[in-house]
Structure formats: structure tokens, C-alpha cells
Amino acid sequence: MEIFLQQLVNGLVVGSVYALVALGYTMVYGILGLINFAHGDLVMVGAMVALQTMLFLMGAAPGMSPLTMLTLSLAVAIPVCMMLGYTMERLAYRRLRNAPRLAPLITAIGMSFLLQTIAMILWGRNYHTFPQLVSTAPLQPVAGVFVTPIQVTIVVGSALIMAALIVLVTKTRLGRAMRATAENHRVAALMGVDTNLIIALTFVIGAALAAVAGVMYASNYGIAHYGMGFMPGLKAFTAAVLGGIGNLGGAMLGGIVLGLVESFGAGYIEHMTFGLLNSSYQDIFAFIILGLVLIFRPTGLLGERVSDRA
Amino acid sequence: MNELASAVPWLGRRNPQAARWLIVIVAIAAPLVAVLFGRTWVRVLDFALLYVMLALGLNLVVGFAGLLDLGYIAFYAVGAYTAAFLASPHFGVHLPFWIVLPVAAGCAALAGIMLGFPVLRLRGDYLAIVTLGFGEIVRIFLNNLNYPVNITNGPQGINTLDPLVLFGWDLSRNLEITENLSINSLFLYYYFFLACVAGSIVFIQRLQVSRVGRAWAAMRDDELAAKAIGINTRNLKLLAFSLGATFGGVAGGLFGAFQGFVSPESFSLMESIAVLTMVVFGGMGNVAGAIVGALILSALPEILRHLAVPLQQTLFGTVLLDPEVLRMLLLSLAMILMMLLKPAGLIPAHARYSHVEHLKRHGVSR
Amino acid sequence: MKRSVVAVAVLGLGLSLAHAQETVVRLGSVAPLTGTISHLGKDNENGARLAIEDANAKGVTIDGKKVRFELLGEDDQADPRTGTTVAQRLVDADVKGVVGHLNSGTTIPASRIYNQAGVPMVSPSATNPTLTRQGYPGVFRTIANDVQQGGMLGKFIVGSLGAKTVAIIDDRTAYGQGLADETEKAVKAAGGKVVAREFTTDKATDFNAILTKIRGVKPDAIFFGGMDAQAGPMLRQLKQLGIEAKFVTGDGGCSPEMIKLAGDAINASAYCSMPGLAIDKMPGGPEFRNRYKARFNTDVQIYSPYAYDAATAIIRAMQAADSAEPSKYLPALKKSNFQGVIGTVAFDDKGDIKEGAVTMYQYKNGAWSPM
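Residue numbers (our numbering), protein chains in the order written: chain F, 1 to 310; chain Z, 311 to 676; chain A, 677 to 1047.
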């Protein structure tokens, strides 16, 4: 039981990060029908830029309190990612909006690898130690379950951000414009919505979420690396599809479910398959779920859109 | 061949006949020229031909049928591992290559159908991401199937695969003609691979203008319309997957025998992306494009490796961008810039069968 | 020594004219000179270079002619396919022997090419047992292999640490899995019990799920076969999950990098192993370190003493056979027996070094200290 609860916590923490990243995928997909492959790498850029800022601050103002430092590094990382998101949309994806189907996807893959390569040039191939400004020392265990303050921060933080995003999309003028654009670009434009602006904003908001997710992820594990965004990115995409792509609540649900599946999967697969499979198959759960959902229930758990739309 | 010939700059249009001969001569003479710079370059050419085969196969799926496959390298892996199972000390089986190669092709085709069936309903981006997952799943299984029963030997890979033996003639040994004259094994492999590539080209070009090829083009450009005129899109998709996979399987079998060592790390996602870039760079849906794209993008990183490192050392005194970074930079930029500036690729496909041309004329948007 | 092929060809021509009176014998050195472990690669090359310069300074005469040795350094990027390409390049350049490669993953496919060409190779750092079990006569190494290292680890965990139950994790790479399997065998042989066998990848950062599972079986010690980039975060997560087992890892985690990445989670219950002796314990170690520093103005990383002895073994064999032809000096290389920097250099019938030493290290005051 103790182990079960601990795996539950592990899954929730990983799942929250997936959910946050999944929101970026789902918003862009909802509005453009584009899998922005490079979204996962924005997570990495966010973490790397924050790391650079922290290292600078540690040198420039050694006595700074961790909270101030964290806030300042986020204040640098978020705008940088937003700018990057905007640049990608403006320079590449916008021109391809009416191109044949495969073109934007291939560009997005290229973009992902380009970001990784540039990060590799700037920061090298080594893993970097990421300062853990929120404590990672476990709190007093409850029923044998160890939880650390950073884990609590991640789960609560992402829940708050997601709630704010849902309010933004459902209650504000901007949100209405986004929904209209997602429904139909041309009609939205006829209604007086500046669709170019809305699409750009969608990218920018997604990028900001990615930056936050990057800092959370890196703080939790204490490391940062040029390739750290790719796998979580893919899994977050899986989460978005699982929840029903284009649906914000679905992305969150999908993220949490995927996190739990991975955690319990790795923990119990050996028992369930009588020793035939083991934790070396941890990474295939996401792909198998993705395949199954797309084949048998393309609308995902909460989805409304059909996969054919792409 | 016609398509290939017309791709030759200048000469191609004026005198296709001469262009055709030129290509044949260049293909035969290439290793003889390359060897002047060292046998390494013959080896580079050998690998380039394997990439040509892969690009041809992937082009079938992506370019002809319009199905974006991001896990194509899985079929290469299936071919290579089949060769490893059937012709190495791993299971102690040593079948001759003329059994191994067809079996490798068959297994890959089967894997193609296995992938094709469930993803029939998916299109576009979703298809891409599921195939990506398929590629990773295959790699993960190859990496882990050494337990509980040792099938693939896990991450250690399988070693000392049998070399290709043609009518009792071992391609991995130098062919001694006289005391002083011998033909190096790398040349033997080159010409054998060249023959395989030539065969593939003939087959694919026939296929392209056949009923099947035309039906693929119709399906790619408008699936609904294709269905409406009575095209069986399900069978066509499966055929595309399995035929594309067959080429991957053959290339994999050749790779295994040539390199003599297969391990899961040779079949990473990056390799799938590299092959896709070759197809995109050369021109989707175009045999000549796939060939040129594969040749350029497999040889260029090698050339860069030999030029860029010494150049940087003389200029800056240190290596700022190492060759692997340059390769990644080259591939990613090739993908982005090609899509933005020249979406039809280096050698645009023949207008009649081209997706891009079709869209240009009709201005179809999503 | 990295020029374009054209330059090598032209230069080779020039050299053969310029030094018509003395014979030039070329040796190759291959290691990743670019990429994540380029510092280790350069270290290997430097080791071989120092050996060759020493031989040239002393003056070697083979078959009545004065011989000058030349080193061709190549970069294999730690990539198997590139490894075979540069191996081919060395064979083209008519090298008489090769010191390399660094990684097992590149050394094994490359050994096939050297074997075809009849060029002997001595690896200073490839530890995978398969390398010397392919039946190639010209393959040697100066470092202890993973069977030897795993054997030592197993004895250490059960014997010295007194662990009765052990959990073993590997990263599903050729290196990590190979070492973990050998360690598992040795743990069992020493009477220990393997209570969990878990897996991760060389790109993973989250180990909570498998560590939680391990916590359920309460092992005395945890062994991880993999690299520092995973071992560091793994230690942190062990601490976060409140697991207090001893943590042991192989040479992949035996680096200063590992200590950095583990942050404040590392303490005296972290151990690691390294094939070979600590440089201070090598018979010729301190002297080698000083000479190396004076020549290259940088510190010895890990394997350069092994590369030095590998090159020396080839040169001595050529002298003993009085020929630089591989087929002639190979028997002498097999019979090598001399005092090198690392101790006695002698090979068993497979080509592995006899008496391959393995040293255990413990974390102490911010560094790994030999036990």
C-alpha cells in the first residue's frame, strides 16, 4: 500500500509537468491543426535560460534569497521563450499555413532539431546542475509516503496555471477570439478577429507555459541538458491526444493519466506479465496508449475534434 | 532513368540520351575516382548507396502515397536483424545470402503490413506520430529482447555477421586477379549495391506509371475523390507500407552483412529523420530527387568532417562546431529552408504526378 | 594530426621523399576527439603520442634501419559507423598498428576491419568482454574488462560492504547492461541475493518509479551500471524517496561530474569502481603524470597511461621481431611481457591483459578517493 501511494505521488508529479506542456500542444493544434514538434524543446530552452540567469545572479548578487532568484530567472526565461515562440510562428509556420499538409509538420521537426543543435552549441553536450531553489529534502513522511516541497510546488503550481488558462479561454474576449479562430479562420476573420494576431498569441502563451514547465522540471531533477525537452515533449503530445486534442481540460486529464500509467506501469509490469516484461519497457507505454487511442477513440477521453481534420 | 537523366543540369534537356550515358559512366567510375582520395571514400559511397535505397523506399510511402512515416528506420532494423539471425554465430545459423535477403525483405514487408493495418484510418500528422512511436517501439524491443529468452542479444548487438557470398565469391575478401592486381572488397560491395539500387530504380519507375502508381497519386492528392472513383485506398495504403518496408528490409540486410555488426543504437529516431530529410531535400515523390538527396546528405557530412575540423583548427585554433553538430545543423536547416523556400525539393517531381504542382494549380488549402 | 585526405596523400608523398634514408612506421590512434567525451579521447591520443615520441627520442632500429614512428590520430565520435570509416582510413594509410578505440561500441565493429587488413590493435579503454572473444588474433587491450570489473564489484558489494540483498539497475546500453550482468553474476557467486533487477535508459531523468519499487524490497545496496549523467540524479531521487541503501556504480559514474550532478545527495555511502589502478598507485604513475603535464600542459584524465603502454607494447614487439610488418611482429606482441607505466603488461591467450586491476573508490570530502 505504501508503495502504491508513493507511485501515485510519483505519477502525479510527472503527470503535472506533462499536463502543462500538453496545454501548449493542444492550443496550437486546436487552432492550426499543427503538431508543433518544437514545443518540447521550448521546455528545454526555458530551463536553460533560467539556469543561465541563476548562474549570473549567483555571481552578481551572492546573497539573494532563493525566491527572488527563482522569480527573476522566470522573468527572463518566460519572455525569451515567448519571443522564440513568436519568431517560429512568424518566420516559419505562418508562411506555410496554406502549404500542403506535410510541409508544416516537416518544418516543425526541423525546428525541433535546430533548437536542440543550437542549444548544444551554446551550452555544450554535458548535463548541467540546476540549482534547486525550492527544497528537495523530503517532508515528514505520511503513511510511508515521501513528498518534497518542490513536488508540492509543481502539482499546485501547474493546477493554478491551468485553471487560469481555462478562465482566460472561456471567460475573456481574447479567449473567445481564440475559440472562434480555432473553429474557422476565415469566418473568424470576417467577424473582425485579427486571426494572425490570435494565432501568434496562442504560440506565445504556449511558449510561456513551456518555459514554466521547463523550470519546474529542471528544479525537480536538479539537472538541465540540451536534449531534455524532446522526450517529455513527445509524451506531453501523447497526453494531449489521450485527453482529446484541442481540449484544455483533456490535456490536463491526459497528462495526469499518462504520468500515472508510466509510474504504475514501471512499478507493476513485472508482476502483471509474470516476469516476461520489466521496467525496461517504461518508455513504450506512452506510444502504445497513443496508438490505441488514435485507432479506437480518435477523439480522446474528453475530445470533440476528429483526427481526420488534419 | 528518364527522370534521372532530365535532372542532369544543362545536358539533361538538350540531350537526354547523352545525359543517361553520363549517369551510367559516373555511377561506374565513382569509386575509381573516390579511391584516389583513399578507400575510406569508397566506404562512404557504399553507405551512400544504402541510404539511396532507404530514401527510395521511404519516397514510395511519403512521396508517392502521401503517408508520412517517421518510423521508417524500423524496417531497416528488421532487415538487419533478420540477416543477423539467419547468418551469424548468434543462433549458429549460416544461411546463404540469397535466402537471407528475401527473408529479410519479407519480414520487413510483414512488419510494414503490421504497422499499416492499425493506422489505416489515420491521416497526416496523426499518422506521422504513430509511425514515430512504432519506430521507437521496435528499437526498444530490439534493445530489450535478451530477457527472459535471449533473442536479440539486447544492447550488446549481434556481432560477426556473415559477409555476402555471391556464387562462392566472398565480397568481404579482396578479389585476387593476378599476383599484383586485386579488387578491394569495398569495390565489390559498391558494385553489388549499385546493381541493387539500379534494380530498385527500374522497379519503382515502372511502378510509378503503373495503375498502382497512378492510384497512389490520386489518393495522395485527394483521398475522398480517389475513393469516389472506386480506388481501394485500404489495399493501396497497405501496399505502399509493405513495398516501402521491403526496400528498407533489403537495405537493412545489406547493411548487416556489410558492417558485420548490428546493434539497436544504429536505428534511432535520428536516422529516420535523416532519411526523411533526404527525401524532402531531393524532392518528394520523385525518384531522382530521392537519389540526389540521399547522395548529398549522406556524403556531405563526411566531407564536412574532413574539411571543417582542420579548417576550424587553422582558423580558430580549436574545434568550435564538431562534425556531429554540423550534421544536425545541416539536416535541420535543410528541412526548414527547403520547406520554406523550395517545398518541391531540389529536383521537383514531374508535374503530372506531383502533389505540389497540383496544389499550385488548384490552390487547395486545408 | 588531422588533415584532409588530400593533404595526407600529398604530405605522405613529401615525407617519403624527404626521409628516404630512414624508414617511417605509422601507427594509428583512434578515439572520440569531438563530442561529450572528447577530453578522454584527446587523453588517449596524447598517451600514445608520448610513447611514440619517447621511442623516437631513444632511437629505434628495425632490420638494420633507423625507424621513425609517426602517429595518425583519428576521430571516431564514439559512433560505430564513423568508427568503421576511420578504421578504414587508417588501413588505407598503411598503419602498422592501432592504439584504440576508446569505446567498446566503436571498437568492436572497427576490429573487424583491422582484422581483415591484418593490422593489430590494442585498445587502452574498451572494456566489453566481446571484443577479445571474436576470435580475431590481432586484438588486445591493456585495461581490465567488464568481467574482471564486475567480478570485483560483486565481491566488494557482498564482501566489503557486507550487503546481503542487492538491487541492480542498468541503463540498457551495451556498457551498462554488460557491466550490470557481470556484477549480478559476481554478487550471486559471492553469496549475495539480487532482490530487484530494474532498468532505465541513458536519456532518462526520472527514476522515481523504479526506485520506489526497489524501496519496497529494502535492499542493503543498489548497483547502477550506467553513466554519471543518470547516476547523479538517481542519487538525488534516492534521497528524496528516503532510501538509505549503499549506492555503488561502475567507471561510468566514477567522475567528478557525477559528484557535481548528485549535489548534496552524495555522501560516504556512495562508491564506484575503476578498471586499473589509481595513477598514484601505478608503478610508473607519478613519473608519467609529471612528464605528461610537462609535454601537453594538461592533466592526465584516465586512460592515457594505458594508451602509452599500448603503443609501447606495439613498438617493443616490432623491435623484438625485428620487423614492422604486422604478420611478423604479431607473435611477439602476443608474448609481450614488460614493466609499463601501469605495471606488468602481458596478455592472456584471448588478448586481455593478465592481472587486470580494478580499484574501488569511496566518496570523501568532495571527491572520489581510492580505497
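Worth flagging that the hints you see were computed from the coordinates, not collected in a lab. Note that the Cβ used here is the ideal one computed from N, Cα and C, for glycine as well. Check before you lean on any hint, since a few could be wrong.
Claimed, not checked - One-sided excerpt, in silico: chain Z residues whose CB lies under 8 angstroms from chain A:
(1) Q466
(2) G467
(3) T470
(4) V629
(5) P633
Status of each hint after checking the structure:
1. Given the 8 angstroms rule on beta carbons, the hint for Q466 (chain Z) holds: about 5 angstroms separates it from the nearest Cβ of chain A.
2. Here the hint on G467 (chain Z) is kept, as its CB sits about 7 angstroms from the closest CB of chain A, short of 8 angstroms.
3. Satisfaction of the interface hint for T470 (chain Z) is found here, the shortest Cβ-Cβ separation to chain A being roughly 6 angstroms, below the 8 angstroms cut-off.
4. Proximity of V629 (chain Z) to chain A holds as hinted, the smallest CB-CB distance being about 6 angstroms (cut-off 8 angstroms).
5. Hint status for P633 (chain Z) relative to chain A: holds, with the closest Cβ pair at about 6 angstroms, below 8 angstroms.
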